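Using the hints, position chain B against chain A.
Protein chains: 2
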Amino acid sequence: MIRVVQWGCGAMGSGMLALVLKKKGLQLVGAVDSRPALIGRDVGEHLGISGKVGVAIRADGGRVLAETRPDIVLLATSSFTQEVVEPLRRIAGQGADAITIAEEMAMPRVKSPELARQLQDLAVQQGITILGTGINPGFVLDTLIIALTGVCQAVTAIEASRVNDLSPYGPAVMKTQGIGLTPAAFARGVQDGTVVGHIGFAESIAMLDAKLNLAIDEVVETKAPIVSHVARETRYVKVAPGMVAGCHHTARGMRRGQAVITLNHPQQILPHLENVPTGDYITIRGKPDLHMKIEPEIPGGVGTVALAVNMIPAVIASAPGLKMMADMPVPYCLPNTAETET
Amino acid sequence: MIRVVQWGCGAMGSGMLALVLKKKGLQLVGAVDSRPALIGRDVGEHLGISGKVGVAIRADGGRVLAETRPDIVLLATSSFTQEVVEPLRRIAGQGADAITIAEEMAMPRVKSPELARQLQDLAVQQGITILGTGINPGFVLDTLIIALTGVCQAVTAIEASRVNDLSPYGPAVMKTQGIGLTPAAFARGVQDGTVVGHIGFAESIAMLDAKLNLAIDEVVETKAPIVSHVARETRYVKVAPGMVAGCHHTARGMRRGQAVITLNHPQQILPHLENVPTGDYITIRGKPDLHMKIEPEIPGGVGTVALAVNMIPAVIASAPGLKMMADMPVPYCLPNTAETET
Chain A
6 MIRVVQWGCG AMGSGMLALV LKKKGLQLVG AVDSRPALIG RDVGEHLGIS
56 GKVGVAIRAD GGRVLAETRP DIVLLATSSF TQEVVEPLRR IAGQGADAIT
106 IAEEMAMPRV KSPELARQLQ DLAVQQGITI LGTGINPGFV LDTLIIALTG
156 VCQAVTAIEA SRVNDLSPYG PAVMKTQGIG LTPAAFARGV QDGTVVGHIG
206 FAESIAMLDA KLNLAIDEVV ETKAPIVSHV ARETRYVKVA PGMVAGCHHT
256 ARGMRRGQAV ITLNHPQQIL PHLENVPTGD YITIRGKPDL HMKIEPEIPG
306 GVGTVALAVN MIPAVIASAP GLKMMADMPV PYCLPNTAET ET
Chain B
6 MIRVVQWGCG AMGSGMLALV LKKKGLQLVG AVDSRPALIG RDVGEHLGIS
56 GKVGVAIRAD GGRVLAETRP DIVLLATSSF TQEVVEPLRR IAGQGADAIT
106 IAEEMAMPRV KSPELARQLQ DLAVQQGITI LGTGINPGFV LDTLIIALTG
156 VCQAVTAIEA SRVNDLSPYG PAVMKTQGIG LTPAAFARGV QDGTVVGHIG
206 FAESIAMLDA KLNLAIDEVV ETKAPIVSHV ARETRYVKVA PGMVAGCHHT
256 ARGMRRGQAV ITLNHPQQIL PHLENVPTGD YITIRGKPDL HMKIEPEIPG
306 GVGTVALAVN MIPAVIASAP GLKMMADMPV PYCLPNTAET ET
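Protein chains in written order, with my numbering: chain A, 6 to 347; chain B, 6 to 347.
The shape of chain A in the complex, shown without the other chains (with noise of 0.2 angstroms):
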């Protein structure tokens, strides 16, 4: 059994716990949360489901780690590697392998390469592994196109999107992304920094560059609304028409002046309501040309906690060192215990 804690316990690491309960060979024994109104409270109660795992959250992470001793700490507590280094040092220290869905981390060297440097000599040092991974950045817009070119003779551009709906998240993200806003304000907010868009085109752009070696030498990020047509509303925000449902956020990976990758992420709630359908679009020019389509996208939520948990042998296995996705084995969905085979 690979002796699991995790260490965040919002939407995201409340479904890695749901789903480590569920796959075989894995053993929760820790879950670490600072949030006041999640600690002490059960792991089984925290999910909803009907009886204790006998697992309580706690908020001292390094008294977790010390007294559980875990093989693997899978980190969902921050999108950036500046936030996520300290817990990841006391990780390290303990011995433990570390995966993280942090966007940041998919590939630290492109935001914080001194901090990047540090993780892989202390990676080393204390023979453990560390790994970011997610949906995107992670795998639609990096691994998998990687992948793709396994067949390729030769690649001399990539073109892929990710076309989603947002409509299942709350105000945090609806802020980020402009959403509600007048265009004049979503301008106003791509300038300073509060209409942030996607994180992660630099990181999806350096792991493509890494392995297929574009010779990439600037990235051209554009943040543009999407004005909606007609009036659209979700839980949390109420669009007319001529406001902002969305944010176009796109990013070339240049080489000497021309686009050799172009990354496009539209990301707005409810887009089939101007008909605009949702999917992983992904196009290789080479030796062949490839194009592929996934409609409708991946989820996002669901995709990210899988690939966190279904990651975890294989960084076990891995030799010591901070990791790309592109650099691990081929990912898998991990078999689940028959009780919750579905």
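Heads up, a few of these hints could be off.
No copy labels: a pair is met if it fits in one copy or bridges any two.
Derived lysine-lysine pairs resembling BS3-like cross-links, with alpha carbons at most 30 angstroms apart [said to hold, decoys possible]:
| no. | residue 1 | residue 2 |
| --- | --- | --- |
| 1 | K29 | K57 |
| 2 | K27 | K292 |
| 3 | K292 | K57 |
| 4 | K243 | K29 |
| 5 | K292 | K180 |
| 6 | K29 | K292 |
| 7 | K228 | K57 |
| 8 | K228 | K298 |
| 9 | K228 | K180 |
| 10 | K116 | K180 |
| 11 | K228 | K116 |
| 12 | K243 | K180 |
| 13 | K27 | K228 |
| 14 | K116 | K243 |
| 15 | K243 | K27 |
| 16 | K116 | K57 |
The hints are simulated quantities; they were obtained by calculation from the structure and are not laboratory data. Keep in mind that this is a model prediction, so the values were computed, not measured.
Okay, now just chain B, sitting in the frame of chain A:
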């Protein structure tokens, strides 16, 4: 530089020779083929490229290995484990890794469990790696499906189809697919084993089951004639309306009498004449359901050649043993040298 010997210089082997010459970090040091017309020819002459490569095709594989001391050998001589085991023994004896496109070697334990055990023991003993790969089996109907399940929390069933066009292929393929026969002659050919259809279904299903733990207890295959409604003609075969234009080969991986994996591979000439689109299609049932399309299909020859060459560094870096594609790192397109960049 990784020193490469190409063993088998037919259609696929020639593609590999050409691609090895284009890839950064690979050095072609030898070429083996026993066909009298090829022996002694420079590889450049054989490929019809300008200039000599400086490597002549030779018949004696053992001598080529001993004299060139390759790091790895690409073996493209046969579809069957029984027919590649002897060259694999020689390659292992020389301490070189091997990649073969023999379809059965994608999962050799399915058809030749005893030989697979011997090859595994030999590989470990010699400290070398042996990998079977190719577009199918090896990628479309196994590795790619497995990679997609990485975003799944549960997998309950798999349905996948590869719909392709056999028009470029020669008389040997027409015969093994029963193309140009009457439906009655096709049925007799299925009975007497001359209509072979696709080689690799059992291997793909075994690979899926090895990773996804689907408890498959039986594989059921069917071969039906694709009877043409129109006249179809290629360089090698003429099909009148009412005659057989291809073989619709299917396989089902059963668990207690129920199909858990369904693989379809209708192979025919000129499917567009009856408005049949070609493509690779994957549906995964579980959490979530996933629907993937690649249209048109990944071209078989180009893809098989690419995979064999692209997997070289991963096989070199791998721990010793007999490996399947799903155990290897995520495949990717190796960079070409600056001169051959397209």
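For each hint, the structure was consulted:
Taking the shortest alpha-carbon separations for K29 and K57, only the intra-copy value of 19 angstroms comes in at or below 30 angstroms, while the best inter-copy value is 57 angstroms. Taking CA atoms no more than 30 angstroms apart as the test, K27 paired with K292 passes between copies only; the shortest distance there is 13 angstroms, against 42 angstroms inside one copy. Taking the closest pair of Cα atoms, K292 and K57 come within 30 angstroms of each other only across two copies (24 angstroms); inside a single copy the shortest separation is 55 angstroms, beyond that limit. Within a single copy, K243 and K29 get their C-alpha atoms no closer than 43 angstroms, and across copies no closer than 54 angstroms, so neither meets the 30 angstroms cut-off.
Taking the shortest Cα distances, K292 and K180 sit within 30 angstroms of each other only across copies (29 angstroms), while inside one copy they are farther apart (42 angstroms). Taking CA atoms no more than 30 angstroms apart as the test, K29 paired with K292 passes between copies only; the shortest distance there is 17 angstroms, against 41 angstroms inside one copy. In this assembly of identical chains, the alpha carbons of K228 and K57 never lie at most 30 angstroms apart, being 46 angstroms within a copy and 52 angstroms across copies at closest. Within a single copy, K228 and K298 get their C-alpha atoms as close as 24 angstroms, and across copies as close as 29 angstroms, so both meet the 30 angstroms cut-off.
Proximity of K228 to K180 under the C-alpha cut-off of 30 angstroms is restricted to the intra-copy arrangement: shortest distance 14 angstroms within a copy versus 56 angstroms between copies. Taking the closest pair of Cα atoms, K116 and K180 come within 30 angstroms of each other only inside a single copy of the chain (23 angstroms); across copies the shortest separation is 58 angstroms, beyond that limit. In the homo-oligomer, the alpha carbons of K228 and K116 lie at most 30 angstroms apart inside one protomer (19 angstroms), although the nearest pairing across protomers, at 55 angstroms, exceeds that limit. Within a single copy, K243 and K180 get their C-alpha atoms as close as 12 angstroms, which meets the 30 angstroms cut-off; across copies the closest is 64 angstroms, which misses it.
Taking identical chains as interchangeable, the C-alpha atoms of K27 and K228 are never at most 30 angstroms apart, the minima being 39 angstroms within one chain and 39 angstroms between chains. For the identical chains of this complex, K116 and K243 are neighbours neither inside a copy (34 angstroms) nor across copies (61 angstroms), given an alpha-carbon limit of 30 angstroms. In this assembly of identical chains, K243 and K27 lie within 30 angstroms of each other by CA distance neither inside one copy nor across copies; the values are 37 angstroms within and 56 angstroms between. Taking CA atoms no more than 30 angstroms apart as the test, K116 paired with K57 passes in neither setting, with 41 angstroms inside one copy and 47 angstroms between copies.
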